[in-house]
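Novice: Sequence:
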Amino acid sequence: MSTATTTTTKWAIDPTHSEVSFKVKHLVISTVTGYFKSFEGSVESESDDFDGANISFSADIASITTNQSDRDNHLKSADFFNAEKYPQMSFSGILKGSTLEGELTIKDVTKTLSLDVDFGGVVEDPYGQTKAGFEIEGKISRKEFGLLWNAVTEAGSVVVSDHVRIIVNAQVIKQ
Numbered sequence: 001m002s003t004a005t006t007t008t009t010k011w012a013i014d015p016t017h018s019e020v021s022f023k024v025k026h027l028v029i030s031t032v033t034g035y036f037k038s039f040e041g042s043v044e045s046e047s048d049d050f051d052g053a054n055i056s057f058s059a060d061i062a063s064i065t066t067n068q069s070d071r072d073n074h075l076k077s078a079d080f081f082n083a084e085k086y087p088q089m090s091f092s093g094i095l096k097g098s099t100l101e102g103e104l105t106i107k108d109v110t111k112t113l114s115l116d117v118d119f120g121g122v123v124e125d126p127y128g129q130t131k132a133g134f135e136i137e138g139k140i141s142r143k144e145f146g147l148l149w150n151a152v153t154e155a156g157s158v159v160v161s162d163h164v165r166i167i168v169n170a171q172v173i174k175q
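Sequential numbering of the sequence shown, starting at 1, is according to the numbering used here.
Read the hints as simulated data drawn from the structure, not as lab findings. Idealized CB from N, CA, C, for every residue including glycine. Do not rely on the hints blindly, as some may be mistaken.
[Said to hold, decoys possible] List time: in silico DSBU-like cross-link candidates among lysine-lysine, alpha-carbon distance up to 30 Å:
1. K85 <-> K143
2. K139 <-> K76
3. K85 <-> K37
4. K10 <-> K111
5. K10 <-> K174
6. K143 <-> K174
7. K96 <-> K139
8. K131 <-> K37
9. K85 <-> K111
10. K10 <-> K139
11. K76 <-> K111
12. K143 <-> K76
13. K107 <-> K85
14. K76 <-> K37
[Said to hold, decoys possible] FRET-style restraints, in silico, Cβ to Cβ:
15. S92 <-> R165: 14 to 22 Å
16. K23 <-> G52: 27 to 35 Å
17. K96 <-> R71: 32 to 40 Å
18. D60 <-> H17: 15 to 23 Å
19. V122 <-> N73: 36 to 44 Å
20. D70 <-> T130: 39 to 47 Å
21. W149 <-> E124: 40 to 48 Å
22. I94 <-> T33: 25 to 33 Å
Turn these sequences into a full structure, and let the hints guide you.
Specialist: So, in structure tokens, the structure goes:
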């Protein structure tokens, strides 16, 4: 009688070939894009197609950038992320087919989140490293995470939309 053994493969996010961004409507007429410049993540998978993989991720709030320093400082303030008190946001979940289901924590609020995943495949790079690529997208309500600040213009338009699109392009390296 033989018993099958399962091998778990560990992968780490390659920050030089990955990007974590968000998009939010401003004044209902245009979109502002922001990025987290400092983040880390890992994947543990027992299959080549990553189905059932455990994924964990965190981003440093102080690394947020929208290419406008006043807005960046406002986002880091207590009006939004409160980077001093809550220096990181985190996510952990399981990939099920083309859906990543897990828990996102921003500030002291944790919510269940489902993200769409497009698995780009696995290749060996010119340096002999095995890499896999993913495009991950979803949407959250910022107010559900305690990011409540807003203002209304004289014409009655809100300054910042409640809905925030999350877009992650991740390349991971086999460990």
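Novice: For every hint, state whether the structure bears it out.
Specialist: Cross-check of the supplied hints:
no.	hint	result
1	K85 <-> K143	holds (18 Å)
2	K139 <-> K76	holds (20 Å)
3	K85 <-> K37	holds (19 Å)
4	K10 <-> K111	holds (26 Å)
5	K10 <-> K174	holds (6 Å)
6	K143 <-> K174	violated (37 Å)
7	K96 <-> K139	holds (18 Å)
8	K131 <-> K37	holds (21 Å)
9	K85 <-> K111	holds (19 Å)
10	K10 <-> K139	holds (27 Å)
11	K76 <-> K111	holds (21 Å)
12	K143 <-> K76	holds (16 Å)
13	K107 <-> K85	holds (8 Å)
14	K76 <-> K37	holds (14 Å)
15	S92 <-> R165: 14 to 22 Å	holds (21 Å)
16	K23 <-> G52: 27 to 35 Å	holds (30 Å)
17	K96 <-> R71: 32 to 40 Å	holds (36 Å)
18	D60 <-> H17: 15 to 23 Å	holds (18 Å)
19	V122 <-> N73: 36 to 44 Å	holds (40 Å)
20	D70 <-> T130: 39 to 47 Å	holds (43 Å)
21	W149 <-> E124: 40 to 48 Å	holds (46 Å)
22	I94 <-> T33: 25 to 33 Å	holds (28 Å)
When each numbered hint is compared with the structure, a violation occurs for hint 6 only.
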